[in-house]
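Trainee: Protein chains in written order, with this note's numbering: chain E, 2 to 188; chain W, 2 to 188.
To be clear, the hints were calculated from the coordinates, so they are not data collected in a lab. A couple of the hints might just be wrong.
[Claimed, not checked] Okay, the calculated beta carbon distance ranges per label pair:
| # | chain 1 | residue 1 | chain 2 | residue 2 | range |
| --- | --- | --- | --- | --- | --- |
| 1 | E | Pro111 | W | Thr99 | 35 to 45 angstroms |
| 2 | E | Arg11 | W | Asp72 | 22 to 32 angstroms |
| 3 | W | Glu126 | E | Glu74 | 30 to 40 angstroms |
| 4 | W | Phe158 | E | Gly109 | 19 to 29 angstroms |
Where is the CB? At the ideal position from N, CA and C, for every residue including glycine.
Spelled out, the chains give:
Protein chains: 2
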Amino acid sequence: MRRSQATRQRLQTVAIDLFTEKGFDHVTVEEIAAAAGVSHMTFYRNFPTKEAVVLDDPYDPVVAAAVTEQDRELPALERVRRGVLDAFGRLQEPEDRTVRQKIRLASGHPGLRARVWENNLRTEEVVVEALTATGIPRLEAAVAAGAVLGALTAALFDWAGDEVEGPLGERIELALGLLVSSEVTGW
Amino acid sequence: MRRSQATRQRLQTVAIDLFTEKGFDHVTVEEIAAAAGVSHMTFYRNFPTKEAVVLDDPYDPVVAAAVTEQDRELPALERVRRGVLDAFGRLQEPEDRTVRQKIRLASGHPGLRARVWENNLRTEEVVVEALTATGIPRLEAAVAAGAVLGALTAALFDWAGDEVEGPLGERIELALGLLVSSEVTGW
DNA sequence: CGTCGATATGTTAGTGACTAACATTCTGAC
DNA sequence: GTCAGAATGTTAGTCACTAACATATCGACG
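Required output: the full structure, derived from the provided sequences and hints.
Mentor: Okay, here's the thing in structure tokens:
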């Protein structure tokens, strides 16, 4: 079981490098597996699809949990906003390079982009559940979750783009800060 | 060319019926083609992918155009909102049954749902372009487009669900109306 | 009518993602 | 050292999708 973790890590690193070099569509699973020294079946036992290698992120459940933990006196939007910030502060991944590579790949490929939204939708559902459980109307919860996650995704894609300076964490704080100010000014 | 239009229509009707009956994943393209009395190549000449049969909707470009036509004095959100309403009022499709079938299929299947978001993203981009061209800041434009399109999609999926009464148009007006009131009340 | 060019369709053969079933090796606990 | 279970490999298959080339259909035009 220790062994499989190493294999999984190797597969992911190799895959992302190949995708970055040759483009997602021009790398076969067979190729990835060979480069990692395993068969294609081992690839599929570690990742359900070729896309999953890029999209695998542990953020979603953590975000939902962090939102749940916020002060219940706060308005919905603010709870989601702080939850997201807490979550990212909590598991700040050290390897900025890989993260940026992944986000860049995802933002530049239609199929991958579509999956990102699919992931967002799932997070949104969990967040909405968490909010409505404390008495917030469903529509308000949905709008809050949608707005914050939308802004977050925009920030991620933006950060992955050409030479945006500064670490990811800062960028996220900035984007979510803008969300608040645009609310205050009545848009 | 008259002929191909009929073939395309037949393929779509047959496909959606089969999907509804057996589930998207349990219908092969070969099967659809056979049921429509053509070969699988004719299918792919009419639709780029299997998913496209369900997702094919002419709304996106029309929405962008309608937003462009709105009064430039209005705030961004209101322009997008009215644009969407105008667009749907303009090309109200008569065949409610097929529309509902399509939306229901899309909302109930992960891969299709992902594509819906992908479509939304494209519409969003065009709308944002239209708004920024009249001097609205990019972020504000993005938020307005994202919020309205998000609400619209939610309304569509909701309407497709179990026995929601009333026609689609009403449902959309209701959802977008809620968007305005939640803005006015400051959430 | 007959020819001809464009459009619509078919056939065949292939690639590549993904799955199922079964065989093999490897690792850790006893 | 043995043995169960985890990790991996092999093989064969399905299905979405593409390329290349062949055929058919239809409308104009002489």
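Trainee: Take the hints in turn and mark each one as holding or not.
Mentor: Hint by hint, here is what the structure shows:
{"no.": "1", "hint": "E:Pro111 - W:Thr99: 35 to 45 angstroms", "in the structure": "violated, 26 angstroms"}
{"no.": "2", "hint": "E:Arg11 - W:Asp72: 22 to 32 angstroms", "in the structure": "violated, 58 angstroms"}
{"no.": "3", "hint": "W:Glu126 - E:Glu74: 30 to 40 angstroms", "in the structure": "holds, 38 angstroms"}
{"no.": "4", "hint": "W:Phe158 - E:Gly109: 19 to 29 angstroms", "in the structure": "holds, 28 angstroms"}
Of the hints listed earlier, those the structure fails to meet are numbers 1, 2, in rising order.
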